[in-house]
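A.B. asks: If you want the building blocks of each chain, they are given just below.
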Amino acid sequence: MIDLIDVYKTYETGTHALNGIDMHIDDGEFVFLVGQSGSGKSTIIKLLTAELKPTSGSVLVNGYKLESIRRGKIPYMRRTLGVIFQDFRLIENKTVFENVAFAMRVVGARPREIRKRVPYVLQLVGLENKGRRYPNELSGGEQQRVAIARALVNNPSMIIADEPTGNLDPARSFEIMLLLEQINALGTTVMVVTHEKGLVDRFTKRVIAIDEGKVVSDGMDGYYSYEEAH
Amino acid sequence: MKRHTNFFYLIGQGIKSTFKHGFMSFAAVCITVACLVIINSFVLLCFNLNHMVEDLQRKTQMVAVVDESFSEQEARHLGSQINLIENVHKADFRSNKESLAAYIRDYEEALFDGLSADSMRHQFIISLEDNSLVIQTKAEIENISGIAEVYADIEVSNALATIRDVIYVASLAVAAVLLLVSLIIISNTIKLTMMDRKEEIAIMKMVGATNGFIRLPFVVEGFLLGLFSAALSFFIEWGLYELVLQAISKQNLAFLDFVPFGSVLVAMAISCGVAGFIVGVFGSLMSIRRFLRV
Chain A
-9 MIDLIDVYKT YETGTHALNG IDMHIDDGEF VFLVGQSGSG KSTIIKLLTA ELKPTSGSVL
51 VNGYKLESIR RGKIPYMRRT LGVIFQDFRL IENKTVFENV AFAMRVVGAR PREIRKRVPY
111 VLQLVGLENK GRRYPNELSG GEQQRVAIAR ALVNNPSMII ADEPTGNLDP ARSFEIMLLL
171 EQINALGTTV MVVTHEKGLV DRFTKRVIAI DEGKVVSDGM DGYYSYEEAH
Chain B
514 MKRHTNFFYL IGQGIKSTFK HGFMSFAAVC ITVACLVIIN SFVLLCFNLN HMVEDLQRKT
574 QMVAVVDESF SEQEARHLGS QINLIENVHK ADFRSNKESL AAYIRDYEEA LFDGLSADSM
634 RHQFIISLED NSLVIQTKAE IENISGIAEV YADIEVSNAL ATIRDVIYVA SLAVAAVLLL
694 VSLIIISNTI KLTMMDRKEE IAIMKMVGAT NGFIRLPFVV EGFLLGLFSA ALSFFIEWGL
754 YELVLQAISK QNLAFLDFVP FGSVLVAMAI SCGVAGFIVG VFGSLMSIRR FLRV
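These protein sequences, in sequence, are chains A and B.
Quick note: the first sequence, position 220, residue 210 per this note's numbering, numbers continuous.
If you want this note's numbering, it's the 1-based position in the second sequence plus 513.
Treat the hints with care, since some could be wrong.
BS3-like cross-link-like pairs, simulated, lysine-lysine; straight-line CA separation at most 27 Å [claimed, not checked]:
#, chain 1, residue 1, chain 2, residue 2
1, A, K63, A, K36
2, B, K529, A, K84
3, B, K572, A, K84
4, A, K36, A, K55
5, B, K533, A, K120
If you're looking for bench data, these hints aren't it; they were derived computationally from the structure.
Note that the coordinates shown come from a computational prediction; the quantities given were computed from them, not determined experimentally.
Starting from the given sequences, assemble the full structure and let the hints guide the process.
C.D. replies: Here is the structure:
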């Protein structure tokens, strides 16, 4: 669950990135976070992953109060999240299997558990036969699937996808979104940050629109409501 | 999900990484070896200077004159009491006859014309363990019944003790500075390998790796590089030292009494090991700190 209450963030440069954001996302929801460049989307992601602390206000993620979280607790909070990036962020010198297994290693999983869980997750994202390949031997869509598998492997309660289709063609983008929808259907909360209008409109999901560091619309009307509010 | 520590996995990762980043490991080892050889050369120089000063100190002597009422046999017995004093390295008895002979040998014979041995007193020529304690030792010898007078060249003794202390402090200071310089160089070299893996570290952080999990392989890598460099620098130092000793022996500088490497072997091995450990492990820890702030 995510709860942002009256959140302000001002950078050291004086830039006001967030100006009183209020947002609540329940467990099991699928939400699109949309907005133009510089609207504050990236700042929200950084707050949710504890890369930044808010200047004021409260940020609650899966039971962790991030405005006052101790440094040593941050890794444990991050383990409740699966984060997917536009540029996939895979480790080039590790195979697909190793990239996914690595996330389990980090949380202290036993080798036996890893050998059992990784093939299952790779099958879930449709890469059961690509475990021995290296990232540079895969297409963009496949690399993003590996990133999704890595995000999923520790069974997080929430997936945050930051422009997950930004580097993919429309067909591959749609496939990735369908995969995220399937993951959501299995009970995982999914938050997708995007500015791809066409993609958002193909799914009837809750859309939260941000502009100049504020929520300008929040509803089930797709990207349309964002444009209207603009 | 049941958790376990991953300790051996992380150790394995550190070992693998040392070989995987072969070129950077080679560069780090070369720089560390160069620094350690310089540090150890200085340590050896200090060992030798200290050895020479101690040797000179040992040669600085004190003269204890026996009461004139004591016969030669009675005077000789005082030697056992003098030798019981902790700071006395050696007390050699010199009878009045031997004393006269020594004076005649050292000065002009004419000065001692008509002088009999009976006008001289029996003496002890005493060398000390630690010349900085000359005043206390002199007092202790004077307290022995039968010792009439004790002569000591306090200024020379104190000067030698001061020289030794200065060498100790200077050696410590220079070794510390060189160690710090090595640490900075190694830290920067390891930082370069980390720049290469910055993205990997960021990914580890993002999937919930603790700082300890990220740090351990780098520390293992630093430890291995430090230890290997220490071993290499130890043998290089040994070889160089033997070469220097050989060169000196050919130059008729026999009055310079150098410490044989065998007698400082254990100390040098410990010094190399500790320096390698500090440079490797702390070098890694220093360089990784910046990359953990994600």
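A.B. asks: Does the structure break any of the earlier hints, and which numbers would those be?
C.D. replies: Violated hint (a single one): 3; every other hint is consistent with the structure.
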